[in-house]
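**Q** So you can see what is in the structure, the chains are spelled out below.
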Amino acid sequence: MSDNGIGARVTRVEDKRFITGGGHYTDDLNRAGQTYAYFLRSPHAHANVKGIDASGALAMAGVHAVLTGDDLAADEIGPLPCGWMIHSKDGSPMVTPGHPVLAQGKVRYVGDPVAVVIADTLGLAKEAAEAVSVDYEELAPVIDLESAKTAALVHDEAAANTAFEWELGDKAATQAAFDSAHHVTTLELSNNRLVPNAIEPRAAVAEYDAGLDRYTLWTTSQNPHVARLVMSAFLNIAPEHKLRVIAPDVGGGFGSKIYVYPEETVCVWASRKVKRPIRWTADRTESFLTDAHARDHVTTAEMALDEKGKILGLRVKTLANVGGYMNLFASSVPTYLYATLLSGQYNIQNIYAEVDAIYTTTTPVDAYRGAGRPEATFVVERLMEVSAREMGIDPATLRKRNFIKSFPHQTPVIMAYDAGDFDAVINKALEIADYKGFGKRKRESAKKGKLRGIGFSNYIEACGIAPSQAVGSLGAGVGLWESAEVRVNPVGTVEILTGAHTHGQGHETTFAQLVVDRLGIPFENVSIVHGDTDKVQFGMGTYGSRSGPVGMSAISKALDKVIDKGKKIAAHLLEAAEADIEFADGNFTVSGTDKAIDWTSLALGAYVAHGFPPQEIEPGLKETSFYDPTNFTFPSGCHICEVEVDPDTGVTDIISWTAVDDFGVVINPMIVEGQVHGGIAQGVGQAMLECAHYDEDGQLLTGSYMDYTMPRADNLPSFKIGTTVTECPSNPIGMKGCGEAGAIGSPPALINAITDAIGSEDLAMPATSESVWQALQTSALKQAAE
Amino acid sequence: MAMKMSGEYTLPADRQTVWEALNDADVLSASIPGCEAFEKVSDTEFAATAVSRIGPVKARFKGNVTLSDIDPPNSYRISGEGQGGVAGFAKGGATVSLADAEDGGTILTYEVDAQVGGKIAQIGQRLVNGAAKKTADQFFQNFRKHLSPEEDAA
Chain A
1 MSDNGIGARV
11 TRVEDKRFIT
21 GGGHYTDDLN
31 RAGQTYAYFL
41 RSPHAHANVK
51 GIDASGALAM
61 AGVHAVLTGD
71 DLAADEIGPL
81 PCGWMIHSKD
91 GSPMVTPGHP
101 VLAQGKVRYV
111 GDPVAVVIAD
121 TLGLAKEAAE
131 AVSVDYEELA
141 PVIDLESAKT
151 AALVHDEAAA
161 NTAFEWELGD
171 KAATQAAFDS
181 AHHVTTLELS
191 NNRLVPNAIE
201 PRAAVAEYDA
211 GLDRYTLWTT
221 SQNPHVARLV
231 MSAFLNIAPE
241 HKLRVIAPDV
251 GGGFGSKIYV
261 YPEETVCVWA
271 SRKVKRPIRW
281 TADRTESFLT
291 DAHARDHVTT
301 AEMALDEKGK
311 ILGLRVKTLA
321 NVGGYMNLFA
331 SSVPTYLYAT
341 LLSGQYNIQN
351 IYAEVDAIYT
361 TTTPVDAYRG
371 AGRPEATFVV
381 ERLMEVSARE
391 MGIDPATLRK
401 RNFIKSFPHQ
411 TPVIMAYDAG
421 DFDAVINKAL
431 EIADYKGFGK
441 RKRESAKKGK
451 LRGIGFSNYI
461 EACGIAPSQA
471 VGSLGAGVGL
481 WESAEVRVNP
491 VGTVEILTGA
501 HTHGQGHETT
511 FAQLVVDRLG
521 IPFENVSIVH
531 GDTDKVQFGM
541 GTYGSRSGPV
551 GMSAISKALD
561 KVIDKGKKIA
571 AHLLEAAEAD
581 IEFADGNFTV
591 SGTDKAIDWT
601 SLALGAYVAH
611 GFPPQEIEPG
621 LKETSFYDPT
631 NFTFPSGCHI
641 CEVEVDPDTG
651 VTDIISWTAV
661 DDFGVVINPM
671 IVEGQVHGGI
681 AQGVGQAMLE
691 CAHYDEDGQL
701 LTGSYMDYTM
711 PRADNLPSFK
721 IGTTVTECPS
731 NPIGMKGCGE
741 AGAIGSPPAL
751 INAITDAIGS
761 EDLAMPATSE
771 SVWQALQTSA
781 LKQAAE
Chain B
1 MAMKMSGEYT
11 LPADRQTVWE
21 ALNDADVLSA
31 SIPGCEAFEK
41 VSDTEFAATA
51 VSRIGPVKAR
61 FKGNVTLSDI
71 DPPNSYRISG
81 EGQGGVAGFA
91 KGGATVSLAD
101 AEDGGTILTY
111 EVDAQVGGKI
121 AQIGQRLVNG
131 AAKKTADQFF
141 QNFRKHLSPE
151 EDAA
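Chains as they are written, first to last, in this note's numbering: chain A, 1 to 786; chain B, 1 to 154.
In case anyone wonders, no lab produced these hints; they're calculated from the structure.
It cannot be assumed that every hint is accurate.
[What the hints assert, rightly or not] Across the chosen pairs, the derived CB separations fall in these ranges:
{"id": "1", "chain 1": "A", "residue 1": "Y705", "chain 2": "B", "residue 2": "S97", "range": "38 to 46 Å"}
{"id": "2", "chain 1": "A", "residue 1": "G211", "chain 2": "B", "residue 2": "K40", "range": "57 to 65 Å"}
{"id": "3", "chain 1": "A", "residue 1": "A140", "chain 2": "B", "residue 2": "V51", "range": "26 to 34 Å"}
{"id": "4", "chain 1": "A", "residue 1": "A140", "chain 2": "B", "residue 2": "E45", "range": "23 to 31 Å"}
{"id": "5", "chain 1": "A", "residue 1": "G211", "chain 2": "B", "residue 2": "T66", "range": "54 to 62 Å"}
{"id": "6", "chain 1": "A", "residue 1": "G211", "chain 2": "B", "residue 2": "A2", "range": "51 to 59 Å"}
{"id": "7", "chain 1": "A", "residue 1": "Y705", "chain 2": "B", "residue 2": "V51", "range": "20 to 28 Å"}
{"id": "8", "chain 1": "A", "residue 1": "R712", "chain 2": "B", "residue 2": "S97", "range": "43 to 51 Å"}
{"id": "9", "chain 1": "B", "residue 1": "N129", "chain 2": "A", "residue 2": "S133", "range": "22 to 30 Å"}
[Claimed, not checked] A few chain A residues that don't get close to chain B, going by computed Cβ distances all over 12 Å:
{"id": "10", "residue": "K273"}
{"id": "11", "residue": "P412"}
{"id": "12", "residue": "D564"}
{"id": "13", "residue": "F626"}
The structure displayed is predicted, hence computed values, not measured ones.
Virtual Cβ for every residue (Gly too), placed ideally from N, Cα, C.
All chains, full assembly: derive it from the sequences and hints.
**A** Okay, here's the thing in structure tokens:
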């Protein structure tokens with residue numbers, strides 16, 4: 001292994017520009033003649049728009065346009081699509097009434113855009129927006145998820161505000177398993193609504209070049225090619241060859257920048273209308289209101305066990321809040337990304353899941369770091385812990401009794417797990433966490449008047465998102481392969497063009513490590529090119545922890561082709577048989593001889609093309625690969641969290657956090673640890689701090705950092721991280737993906753620890769000090785009454 | 001976002017004088033903080049424009065003010081609805097009651113119920129409640145000045 005190859009702790013090459021102010025973000029870009037867009041948004045959760053009077057604004061000097069949904073309709077732009085078809089149990093397709101780019105006749109959440117003002121300065125655009133009057137007729141808001149089916153209709157087409165009633169698994173067999181059970185654990189769970197909160201807000205700069213009849217959009221996207229595809233094929237803005245989408249440096253996404261939103265769409269479309277470049281950057285309140293929210297499930301979960309704690313069946317009934325419109329991938333999140341993971345790490349023969357997707361007059365909900373798998377893990381791992389407590393079985397022992405031990409393993413909910421060693425993971429975690437010493441530590445805490453608790457979470461998740469045929473059969477509207485192009489320059493330096501997009505993951509470092517490892521060339525001779533539809537032919541972008549297992553696999557395959565061609569050329573240059581050429585450490589050699597040609601000379605030889613017959617070998621050295629995975633990948637792990645609760649105040653201190661993960665082959669342990677740290681921080685945020693809260697009128701009360709609590713360093717302990725490795729058999733690198741695991745595994749570990757400490761299961765996320773204190777009071781009252 | 005607020009002020013004037021002031025468009029106009037326009041449409045209806053600053057949000061509210069449940073010289077309900085443009089909206093009302101104070105003055109009590117929406121709601125309940133309370137205090141300070149200008153001079 002070279003110092004910079006696979007497995008090395010290479011410091012991130014991109015960090016120098018990020019931390020010295022040298023990054024190139026969308027908002028950094030200025031274009032000659034640029035104008036500013038400002039969006040008028042609904043202050044009401046639910047209302048008819050009776051009229052919009054923009055005459056006052058249009059009369060102001062420097063105002064170029066005030067555009068509304070009617071203007072989009074006249075140009076036949078939109079509606080924003082949902083890219084994953086789900087069918088209800090009765091076979092009917094999901095009900096997804098159109099999502100107009102700007103409101104057409106009706107608004108369905110506070111923040112729903114109704115008009116855009118385009119002016120010479122942002123200040124002027126805002127001033128002009130004050131002069132636009134919108135006549136609203138208020139309608140009854142639909143906020144509470146559990147009563148939404150009987151509330152006012154959000155969309156006339158969606159009866160009972162229901163988009164679909166979906167099921168997965170064998171209902172009758174699961175019922176039979178429950179009928180024969182020795183013990184049934186039942187939990188009412190909610191998975192709290194989150195706001196994504198990337199550091200960089202969404203932004204767009206759009207320009208129409210009349211001479212070339214071509215648009216360019218610079219934007220904060222995790223998948224610029226998908227954005228271009230949606231704008232071309234679904235929104236009717238311009239055909240793909242007339243639209244260039246560039247996602248330059250992007251400051252975090254977590255899923256929220258997968259989607260094509262109204263604002264970016266309007267900027268592109270309107271840039272031609274006003275004949276000027278248009279720019280827009282969300283302010284933080286706009287981010288809170290309009291970035292697709294996350295999670296928001298209400299679930300009844302049951303687990304059936306025999307007398308020894310063997311799981312016989314698992315059943316869930318989930319209401320999933322999709323908000324005012326069905327967002328781009330919203331339908332897949334509470335279905336195929338959720339219920340397919342309900343088997344967890346356990347051999348469960350009978351699983352049945354029902355999911356109803358419900359419209360409410362709130363911000364649309366879509367994928368966010370983990371996307372469905374955190375919700376599934378929360379259900380499974382809360383059930384495991386509570387079952388263990390109710391049956392008087394040690395929680396680690398109950399898990400071990402039910403682990404899947406042999407692979408491949410077909411679950412009853414679609415997934416075929418290909419590799420894993422769950423005993424190795426939990427044993428390592430138990431050792432790092434000193435599980436044996438917990439009793440002593442608990443007694444020591446008790447002496448200080450503190451309640452100590454320990455909680456487990458053994459997660460498995462599905463990454464890669466995934467074989468195109470498989471997701472196609474489940475309703476996906478796109479294939480989910482990835483592309484790569486390896487360009488070897490005549491001097492031997494290498495440019496990798498990838499369809500993945502880095503927005504914090506460190507691809508410029510890890511992807512280069514793969515190339516260095518395979519080609520044996522200096523690290524600084526490799527550059528990673530991404531995020532520009534004019535440079536990279538196509539790609540599906542970055543989400544679902546797919547850039548490693550799918551994106552790097554494509555690079556690996558393209559590198560194979562480059563090396564193969566290099567061997568052909570080397571055979572001619574070295575006057576040897578192609579079968580005798582070996583490639584290692586940057587040198588092509590003739591087996592059993594001292595004849596060799598180094599990488600740089602070979603690259604030059606490929607381009608000068610003097611030394612091989614052109615009818616046999618084409619000049620140049622550039623190869624492309626489209627890699628379509630054969631399976632999802634299945635990272636797994638074990639989190640053990642230990643807390644101390646102050647019973648007088650409910651304040652919870654996280655004393656220690658152990659996370660042992662099996663990510664398969666690790667490219668850069670430092671970057672992987674960073675992903676785990678960040679993921680746990682996000683999970684802790686969900687479990688004890690964050691919640692998007694609407695009042696009964698549908699006003700978002702947590703619309704700023706005054707009211708929405710993000711995790712901070714002092715909420716977190718120093719994490720104890722470990723890894724075990726089972727190689728992923730389905731891709732050429734053996735890696736599984738690590739981007740979301742921390743956020744998936746961590747919430748149940750923390751809630752299991754707190755509920756262990758306080759001796760009550762009656763605790764919802766976020767477990768703020770107030771709700772922990774309330775749970776303690778309630779359980780004390782209950783005990784007093786008994 | 002729903003908001004409730006109540007308060008009590010002792011005013012240095014008899015009940016009839018206070019009542020008349022409460023029905024005088026000029027007095028109301030002068031008392032409403034940030035009032036830019038206050039026009040009588042009928043005996044019980046006014047068209048008003050007022051500028052209000054809540055934390056970082058400055059809004060010019062335009063709307064109608066209506067007097068109802070009129071019981072002279074004891075009580076009425078003053079209600080309104082204002083559009084604040086991109087800042088959002090506010091609507092609601094206050095029940096205002098008058099009672100004789102011991103020293104010949106008048107005790108005014110009010111109960112406000114209001115709803116705000118849009119940007120004003122997102123900036124946080126603490127800011128909005130604080131701003132609303134401050135606005136009410138300012139209104140009654142101005143109103144009190146009108147009733148006893150000499151007190152102000154002193």
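**Q** None of the hints should be skipped; say for each whether it holds.
**A** Evaluation of the provided hints:
Between Y705/A and S97/B the C-beta distance comes to about 41 Å, which sits within the given range of 38 to 46 Å. Between G211/A and K40/B the beta carbons are some 60 Å apart, a value that agrees with the proposed interval 57 to 65 Å. Between A140/A and V51/B the beta carbons are some 31 Å apart, a value that agrees with the proposed interval 26 to 34 Å. About 27 Å separates the C-beta atoms of A140/A and E45/B, a value consistent with the hinted range of 23 to 31 Å.
Restraint check, G211/A to T66/B: a C-beta distance of roughly 59 Å satisfies the suggested window 54 to 62 Å. In this structure the hint that G211/A and A2/B lie 51 to 59 Å apart at CB holds, the actual value being about 56 Å. Between Y705/A and V51/B, the C-beta spacing of about 27 Å keeps the proposed range 20 to 28 Å intact. A hinted range of 43 to 51 Å holds for the C-beta pair R712/A and S97/B, which are about 48 Å apart.
Look at N129/B against S133/A: about 28 Å separates their beta carbons, and that is inside 22 to 30 Å. No beta-carbon of chain B comes within 12 Å of the beta-carbon of K273/A; the shortest separation is about 22 Å. Non-interface status of P412/A relative to chain B is upheld: no Cβ of that chain comes within 12 Å, the nearest being about 44 Å off. Listed as outside the interface, D564/A is consistent with that label: its C-beta sits roughly 58 Å from the nearest C-beta of chain B, beyond the 12 Å cut-off.
Against chain B, the non-interface label of F626/A holds: every CB pair exceeds 12 Å, the least being about 45 Å.
Checked against the numbered hints above, the structure breaks none of them.
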